[in-house]
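Line order of the protein sequences matches chains A, B and C. Counted from 1, the first sequence has number 396 at position 396 by the numbering used here; the numbering is strictly sequential. Counted from 1, the second sequence has number 272 at position 272 by the numbering used here; the numbering is strictly sequential. Counted from 1, the third sequence has number 37 at position 37 by the numbering used here; the numbering is strictly sequential.
Keep in mind the hints are simulated off the structure, nothing from the lab. Worth double-checking, as some hints may not be accurate.
[To be verified] Think about it this way: if two alpha-carbon atoms lie no more than 30 Å apart in a straight line, the pair counts; the simulated BS3-like pairs of lysine-lysine are:
1) 180/A x 170/A
2) 272/A x 456/A
3) 448/A x 117/A
4) 457/A x 472/A
5) 87/A x 371/A
6) 340/A x 211/A
7) 180/A x 272/A
8) 457/A x 59/B
9) 448/A x 340/A
10) 360/A x 398/A
11) 457/A x 418/A
12) 118/B x 136/C
13) 87/A x 61/A
14) 340/A x 272/A
15) 59/B x 87/A
16) 309/B x 360/A
17) 456/A x 59/B
18) 472/A x 59/B
[Stated by the list, open to error] So these bits of chain C aren't anywhere near chain A, every CB distance computed over 10 Å:
19) 34
20) 44
21) 160
Note that beta-carbon positions come from the ideal geometry of N, C-alpha and C, so glycine has one too.
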Amino acid sequence: MKARMMRLAMSIALIVALFGTIGVPGARPAHAAMRTLHIAWFEFTSADILQTLGNQYAKEKGVQIIVDRPPLAQWQSSVFNQFAAHKTSFAAAVLDSQWLGQAVTEHDVPELTSWIKQNLPVNQFDPYLFAAYSQYPQRLPGTTGGLDLAHGHFYGLPWFADAKMFAYRKDWFADPANQKAFMAKYHHPLRVPQSMDEIVQIADFFTQPDKGIYGYATHEQVGYDAAAETFLPWCWNYGGDIWNPATGAVEGYINSPRCVHALELVDHLTQKDSPPGSGRNFIAEVTTDMNQGKVALMESWLCCFAGLFDPKASTLGKTKAEIAQKIGFFNYPGETYMGKHSRYAPLGGQGFALSAYASKADQQAMLDFAKWFFTPRIQKEWYQLGSTPANSVILHSKDFINAQPWNPETSQVFGMVKDFWNMPEYAPMLKVMNDTVNASMTGQMSAKAALDLIAKKQASILAATGRYSAYK
Amino acid sequence: MATATPSASVEGLRRQRRRPWLTDRRMAFLFIAPSVILLLAISIFPLIWSVYLSFTRYKVTGIEAPVWVGLSNYHTILTNNDLYDDWHIFQVTAVIVFCAVTLEFLLGFGLALILVRKFPGRGLILTLMLTPMMLAPVIVGLFWRFMLDATFGVVNYMQSAWLHLPRVDYLDQPNTAIGSLIVADVWMWTPFMLLISVAGLSAIPRYLTEAALVDRASAWFRFRQITLPLVWPLLLIALIFRTIDAIKLFDLAFTLTGGGPGQSTLTVSYLLFTKAFNDYDTGSSSALAYIILIMVIALANIYIRNLNKVASA
Amino acid sequence: MAQQVVAAPAATREGSGGPPVILIAVGRALLAAALALAVIFFLFPIFWIVSTSFKDLRDADSPVPHFFDFTPTLDNYRHIFVQTQQTATGGTTSVSTDFPHFFFNSIVIDVAATLLALVLGTLAAYGFSRFPVPAKNDLLFFILSTRMLPPVAVLIPIFLMYTNLNLVDTYHGMILLYTTFNIPFAVWMMKGFIDEIPREYEDAAMVDGYTRFQAFYKVIVPQALPAAAATSVFLLITVWNEFVFATQLTQTATRTAPPGIAAAQTMGGIDWGLISAVSTLFVLPVVIFTFLVRNYLLRGVTFGAVRR
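Bound-form chain A, shown alone:
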């Protein structure tokens, strides 16, 4: 009896194996006779929203768009592995802004300058914002005027705009007892901060470890750019810069006194004013900190602020409206330091680029989809479903501002965004910066030691390329 059962099990298993080797027809609900095109992105809300739009496009135009969504940690390698093989399963990819240099110099994405000229309302976009997702060589900071379509080279379309902002507990701020105590201590009212120094004061004020409450939650993780993108805005707001784009020099820039001071402040925030265990923080963790009522301030990407308003996850209220009474938002207030005033928010978001390895027909079909995507009707759906468009006219429209609780701030932030470099060797450069900043945030090295180390390593990376005048 047992032997027969074993034999039955074996035969079933062998049949399964046979199916496996031949291939299983119908295992995947085939998007039947319709033409199917893939866009490579990664798993998060906006990509899911794009898939919803893709399904709608299938109904309207008869071409099925599928958004490939691997985990964030695999996004970069899944795209570049296929580029390396000169054969991509996707016809287009949504690329992170810093990938542009590598993608362009390795001939993975075709130029789109003329298509942009003819098909997009370029004047409706902030030129710096547009260029960040599209232009290589990178548009130099301080460049004035519109998009340089005559002389520049553009490879991407501004698909999804993102930036960092602050969320704060406005109910704690409004509490009269807090107001009184804060005024007594700092001699100015507890309010939406008007400077970065004020943010530090507020974070210090609210930190009471014995009550399990802290002032600040921010990204610190060693993964990808979490820690780096926390350090960068602070460095920029204190007037610092991380390199000289003209010469490629980093020494004296990323470890300048301004940047050192900024990182020292960040270290203070992460070591003294953040809940323990913050060293592994990224978006999900800081959202949890806020949802569980642990922190007064949260610094994070606005793409995912919807996570703050989920009654199933939040202890702040049983409905969205209840939660909205307790959470407010503000943009980076800027700072005047050592005689210079600066105000920046870090740029996030991604741009849409074609795969150079897709067929011309597929590329054209993708451009048709992009054109459909940029029509005002679809852009409206894009933000109503929860994503963020890059079009300034839309960003300042009443409908957009009323769509989400944080959109009033969103419509202002894209005038002050700044991105870091996007040269082909960005990946090792970023890893050095990110991991070393994390080491400083978690208390393993001082801010000065960390930034000196970054300068040294980044200099060696850039020198090895032979392309920068600072090292010749």
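Dock chains B and C against chain A, hints included.
Positioned in the frame of chain A, the structure of chains B and C alone reads:
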């Protein structure tokens, strides 16, 4: 199929003579060849290509052809002139592998000695104890991260609320982060050693232990002279595989610590992944792969020499 | 005194004049305590994962952990199959997820790879065990060494090779790959067991008129089944949870569960409830399989029987 009755033996002999082509040699070849061919095609061929790449400066995503640089990649890594602190990474890996495998061996074998006796509920306990190794390492890493968190984790809650010990930020300090990796790995793979030990201990012929009991041998004597020698070959095979796998530790570190804080929990496999899929420094990552391979081969040789000695004894 | 002498044989174990009852009892209690501690250490995280699968995010993320005092919900398990998405008109629709598809792929690919590796590995193990193979030890070491390299090292060459041969995102491509991963372990484990099966059995069978191959099929295979069961558990686990190659070499058609589960870490929040639920569901087939073969696992091989 013919049954082995005496009247069939002549028939069987005739059958043997009618099928001379399946000689022993042919059979050996046919049995072994498929495995070896598959291994050659999928494991070895890529290996050879990456050996070549290890002597070049090359980016697989780039448009430039590989440039021969001889032993330069190896030199950079072995003299610690790399972007990464290679010596420190090798050290950390060695610590993790040694501590984890030793603990897994002691715990696994120790538990097996207890679980090899029959008692009510033993089957259930044994099956349950095997579940940790059935989970995917990425999931194990994620959940240990969840449990060890200093603010939200259940481990810190238990130690502070029940044991009145201070909370420890396990994942944000290098030493405790390394310890966390070891604990998570031990949690995951002790069941492996446990299972192999139980299988090996169960297979010891009862008559040997019974004979020793009749001779009034002490428990220690029985253990040392009968149990251990008989189960040692199997344990050694398990140790070889476990050590090799521990050196390849990546998924767990990826989700538990991400290599952090800083780069203090980067293992050699994680560094390999970073060089290959973050920096796309194909030449250097290939060189690192071969350095790792040579070390592992050396280590495995030691184990196997011991195995052959024991087997021939 | 006299009482003790009389009582001694009954009060000690095995009549060998060993330690007194009290020490045995204390020893047993210590062993029981050690076992209990071990069981708690190994099973608590499992309990934690399973219980989290029944919590909603607020309870799961709570800094004061809820061991039993929470309202359980089946939402997470529901979300494995169906999730709600917003529509452009402001409503919501139910969208079926890809998890069932990932699970299906995992089952097909992993079972096939395990079986294939077991069969090929056992054949090779028998060959190495019974026949004089030239450079046997070197070949065996070569087979072992293919497992020594971190898979990441060969990922790029294999990826490029697969892309050129159109094997990416195919069932047969993944099955071949996973089979190759599993062969070394299968060969070494099965050879270890087959070595212990006395040759006298096969010799006896061949004297009775069987061919070598029949002897293998009728004598060795049944005896090696317990070892095969134990080995297959490990083989299955190895590929069931494989992540790195699955992520890079599959896309949508053949994506298996581990990359699918990792993708459940969205940016808005790690949905611990969903991940726990998926992980619990995903580990079940392996647990069930192990449970089915548990008798084989414990039985081991009866070597030494002939010497009896």
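Now the hints, each set against the structure:
1. 180/A x 170/A: holds (15 Å)
2. 272/A x 456/A: holds (28 Å)
3. 448/A x 117/A: violated (46 Å)
4. 457/A x 472/A: holds (17 Å)
5. 87/A x 371/A: holds (25 Å)
6. 340/A x 211/A: violated (39 Å)
7. 180/A x 272/A: This hinted pair holds, its Cα atoms lying about 23 Å apart.
8. 457/A x 59/B: Roughly 19 Å between the alpha carbons, so the hint for residue 457/A and residue 59/B holds.
9. 448/A x 340/A: holds (21 Å)
10. 360/A x 398/A: Not satisfied, since the Cα-Cα distance of roughly 40 Å exceeds 30 Å.
11. 457/A x 418/A: holds (23 Å)
12. 118/B x 136/C: The hint is violated at about 40 Å.
13. 87/A x 61/A: OK: residue 87/A and residue 61/A at ~26 Å, within 30 Å.
14. 340/A x 272/A: Holds, at about 28 Å.
15. 59/B x 87/A: holds (17 Å)
16. 309/B x 360/A: Outside the cut-off at roughly 65 Å; violated.
17. 456/A x 59/B: holds (23 Å)
18. 472/A x 59/B: holds (23 Å)
19. 34: Nearest chain A Cβ is 31 Å from residue 34/C, so the label holds.
20. 44: Given a closest Cβ separation of 20 Å, the condition holds.
21. 160: Residue 160/C not clear of chain A: closest Cβ-Cβ about 5 Å, inside 10 Å.
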